[in-house]
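Put together the whole structure using the sequences plus the hints.
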Amino acid sequence: MKTLNILRSAFRALQRNKMRSFLTMLGIIIGVAAVIAMLAIGQGAEYSVEQQISALGTNVLIVLPGSQQTGGLRVGAGTMTNLTDDDAQAIQRECPAVGLVSPGTRAGGQVIAGNLNWATGIEGTGPDYLEIRKWSVEYGDFYTESDIKAAAKVCVLGKTVADNLFPDSSPVGQNIRIRNVPFKVVGVLSRKGQNAMGQDQDDVILAPYTTVTRRLTWFPYLRQILVSATTPSNIPVAQSQIADLLRMRHKIAVYDQDDFTIRNQADLATAATATTEILTILLASIASVSLLVGGIGIMNIMLVSVTERTREIGIRMSVGARGRDILMQFLIEALVLSLLGGTMGIILGVTGSSAISNLAKWPTIITAFSIILSFGFSIAIGIFFGFYPARKAAMLNPIEALRYE
Amino acid sequence: MIDRRTVAGSDGRVISIDHIVKTYVLGEVQVHALRGVSTEVHRGEFVAIMGASGSGKSTFMNILGCLDKPTKGTYVLEDIDVSKLSRDELAIIRNKKLGFVFQGFNLLSRTSALENVELPLLYCSMPNKERYDRAAEALTMVGLGDRREHYPNQLSGGQQQRVAIARALVNNPSIILADEPTGNLDSRTSVEVMGIFQELNSKGITIILVTHEPDIAQFARRHILFRDGRIKSDKTNATPKKAQEVIAEMPLIDEEEEA
Numbered sequence: 001m002k003t004l005n006i007l008r009s010a011f012r013a014l015q016r017n018k019m020r021s022f023l024t025m026l027g028i029i030i031g032v033a034a035v036i037a038m039l040a041i042g043q044g045a046e047y048s049v050e051q052q053i054s055a056l057g058t059n060v061l062i063v064l065p066g067s068q069q070t071g072g073l074r075v076g077a078g079t080m081t082n083l084t085d086d087d088a089q090a091i092q093r094e095c096p097a098v099g100l101v102s103p104g105t106r107a108g109g110q111v112i113a114g115n116l117n118w119a120t121g122i123e124g125t126g127p128d129y130l131e132i133r134k135w136s137v138e139y140g141d142f143y144t145e146s147d148i149k150a151a152a153k154v155c156v157l158g159k160t161v162a163d164n165l166f167p168d169s170s171p172v173g174q175n176i177r178i179r180n181v182p183f184k185v186v187g188v189l190s191r192k193g194q195n196a197m198g199q200d201q202d203d204v205i206l207a208p209y210t211t212v213t214r215r216l217t218w219f220p221y222l223r224q225i226l227v228s229a230t231t232p233s234n235i236p237v238a239q240s241q242i243a244d245l246l247r248m249r250h251k252i253a254v255y256d257q258d259d260f261t262i263r264n265q266a267d268l269a270t271a272a273t274a275t276t277e278i279l280t281i282l283l284a285s286i287a288s289v290s291l292l293v294g295g296i297g298i299m300n301i302m303l304v305s306v307t308e309r310t311r312e313i314g315i316r317m318s319v320g321a322r323g324r325d326i327l328m329q330f331l332i333e334a335l336v337l338s339l340l341g342g343t344m345g346i347i348l349g350v351t352g353s354s355a356i357s358n359l360a361k362w363p364t365i366i367t368a369f370s371i372i373l374s375f376g377f378s379i380a381i382g383i384f385f386g387f388y389p390a391r392k393a394a395m396l397n398p399i400e401a402l403r404y405e
Numbered sequence: 001m002i003d004r005r006t007v008a009g010s011d012g013r014v015i016s017i018d019h020i021v022k023t024y025v026l027g028e029v030q031v032h033a034l035r036g037v038s039t040e041v042h043r044g045e046f047v048a049i050m051g052a053s054g055s056g057k058s059t060f061m062n063i064l065g066c067l068d069k070p071t072k073g074t075y076v077l078e079d080i081d082v083s084k085l086s087r088d089e090l091a092i093i094r095n096k097k098l099g100f101v102f103q104g105f106n107l108l109s110r111t112s113a114l115e116n117v118e119l120p121l122l123y124c125s126m127p128n129k130e131r132y133d134r135a136a137e138a139l140t141m142v143g144l145g146d147r148r149e150h151y152p153n154q155l156s157g158g159q160q161q162r163v164a165i166a167r168a169l170v171n172n173p174s175i176i177l178a179d180e181p182t183g184n185l186d187s188r189t190s191v192e193v194m195g196i197f198q199e200l201n202s203k204g205i206t207i208i209l210v211t212h213e214p215d216i217a218q219f220a221r222r223h224i225l226f227r228d229g230r231i232k233s234d235k236t237n238a239t240p241k242k243a244q245e246v247i248a249e250m251p252l253i254d255e256e257e258e259a
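These protein sequence lines map, in sequence, to chains A and B. Numbering-wise, the working numbering puts 26 at position 26 of the first sequence, and it's gapless, one number per residue. Numbering-wise, the working numbering puts 161 at position 161 of the second sequence, and it's gapless, one number per residue.
Warning: the hint list may mix true and false statements.
[To be verified] Partial list, derived from the structure: chain B residues whose beta carbon lies under 8 Å from chain A:
{"no.": "1", "residue": "Leu67"}
{"no.": "2", "residue": "Asn106"}
{"no.": "3", "residue": "Pro120"}
{"no.": "4", "residue": "Glu180"}
{"no.": "5", "residue": "Gly183"}
I should point out that these hints are in silico values taken from the structure, not numbers from a laboratory. Ideal Cβ positions, reconstructed from N, Cα and C, are used throughout, including at glycine.
Laid out in structure tokens, this is it:
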């Protein structure tokens with residue numbers, strides 16, 4: 001029997017029981033719509049987390065000094081005083097997978113501008129810091145290589161600091177005093193917002209690390225070295241190159257532990273996206289349960305239909321329908337049900353998701369993948385749950401089927 | 001269309017049946033439905049198979065119709081030994097060589113007369129146009145050319161049975177098998193239906209009819225009587241009744257009853 005003819009008779013058989021066909025499809029419609037909406041919500045969440053994390057600069061590595069150990073007492077990461085400017089320069093020079101390097105140190109303190117003051121953190125950085133952090137200057141300039149060499153008393157204000165110290169005027173060109181050391185403001189950073197932990201990243205002042213070391217902390221070692229890998233996929237290579245280099249430079253014996261730590265923000269990124277991915281999978285699997293229930297509904301109705309139409313099956317067999325003709329007929333009916341349901345479910349899911357976006361202001365993303373997935377899922381359900389009733393029909397004995405009342 | 005007769009055996013035999021046995025096993029009891037039946041049917045015959053219920057005539061009909069397989073013995077239909085064929089092969093034989101007419105009409109409900117007649121042709125590949133034309137022609141042959149789009153519930157019993165006959169005809173079968181075709185019809189309509197069978201038979205179509213009504217069997221030219229799973233008698237009916245003539249007499253009878 002030609003496929004087109006089977007399709008036509010399948011549609012006709014479904015039309016005969018419009019209400020029943022619709023209710024059967026409703027199971028699939030709701031299931032598919034739920035899967036699509038849940039995937040859209042989950043992927044929306046995933047996307048916004050990813051956005052936040054990539055704002056950090058995901059190919060960034062942070063080299064920290066190791067933990068100080070006195071006898072058996074270890075006081076925590078970053079307490080060792082062994083990371084030097086030379087280390088930073090060597091990393092830049094000798095690790096091919098490393099792109100940019102910014103030596104860093106840190107100070108805190110009260111900052112005074114005119115009659116206003118503000119307590120904030122002062123980051124000592126190299127000239128490439130902004131590029132590594134994917135950050136930019138909104139007004140004015142950033143300090144240069146020569147400012148760093150000269151340990152010039154210049155600084156760049158974060159947006160929050162600028163707003164608090166210079167509420168009405170432009171800070172660029174003005175003088176401020178950090179812990180009573182005068183600095184000239186050369187620029188203001190663009191707004192970066194909160195980081196993944198909820199800290200305000202704009203509440204900061206950036207200054208040459210040489211200046212911070214010599215004028216504010218009087219601590220000749222680096223607190224951290226910020227490194228970017230040439231590409232995000234090069235992060236592990238850069239990490240091992242840096243580790244090898246520093247072990248050599250710090251003369252660490254083969255069996256001894258590192259005296260530094262290399263942190264990898266990709267870990268944080270993957271951890272955060274993994275969490276939301278799990279959330280997405282969880283939501284989608286709950287939704288797919290309803291799809292499964294819809295499939296069972298199809299099977300139920302197809303079984304009823306096979307029983308009701310036993311005589312029809314007998315008639316068809318007596319005029320020459322083979323088992324596989326009957327099998328195809330019922331399988332295609334089940335498929336038409338699930339495909340129609342799937343299509344309507346996709347429409348409902350897509351409109352539902354955008355309604356959620358608009359009403360609840362929740363980001364939703366509908367990917368081609370989720371549509372293909374749920375469409376494929378409904379085909380699979382049609383075949384899987386349609387097969388048993390169709391096979392039952394195909395195996396009927398024509399004599400008994402003809403006699404069936 | 002109907003002139004394209006399928007080829008019978010070289011000696012004109014359509015059916016050769018040799019010592020067919022059919023035994024059903026019901027639990028531990030063996031039911032011998034057929035206990036060795038042998039016969040032949042030639043092209044163009046009009047055979048009535050008769051017998052009481054339980055005589056094995058229905059089982060015989062199912063085997064003739066390739067709906068069932070004999071336990072033992074051979075059944076050759078137009079040079080093909082169908083007693084050895086698989087389920088699917090039997091379906092193809094039914095599609096190409098056999099036409100069925102049942103007591104209960106067995107039309108698909110909510111399906112037009114024309115589409116009911118088209119049904120056998122759906123299971124052999126054929127262009128839609130040709131299928132439509134052949135179905136329309138078969139309906140015209142049974143006198144329902146103007147009822148193509150009627151549904152079975154819009155047709156009388158006799159008309160429904162004529163649609164079923166058209167369906168049996170449409171694939172140019174070697175034989176038409178009719179199982180109590182008049183069982184659900186009043187006497188006048190029964191004779192009309194027999195008239196259609198006689199007309200088809202006169203065009204050379206082989207017809208095998210199962211009936212328990214002697215009146216109906218009188219329209220056939222050969223009577224095979226079954227008893228206890230065997231053929232009891234096989235006689236030629238030298239003077240079959242002519243349906244045309246019987247109908248011509250019938251209105252008088254009706255008028256007498258009313259008077």
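Which of the listed hints are broken here?
4 and 5
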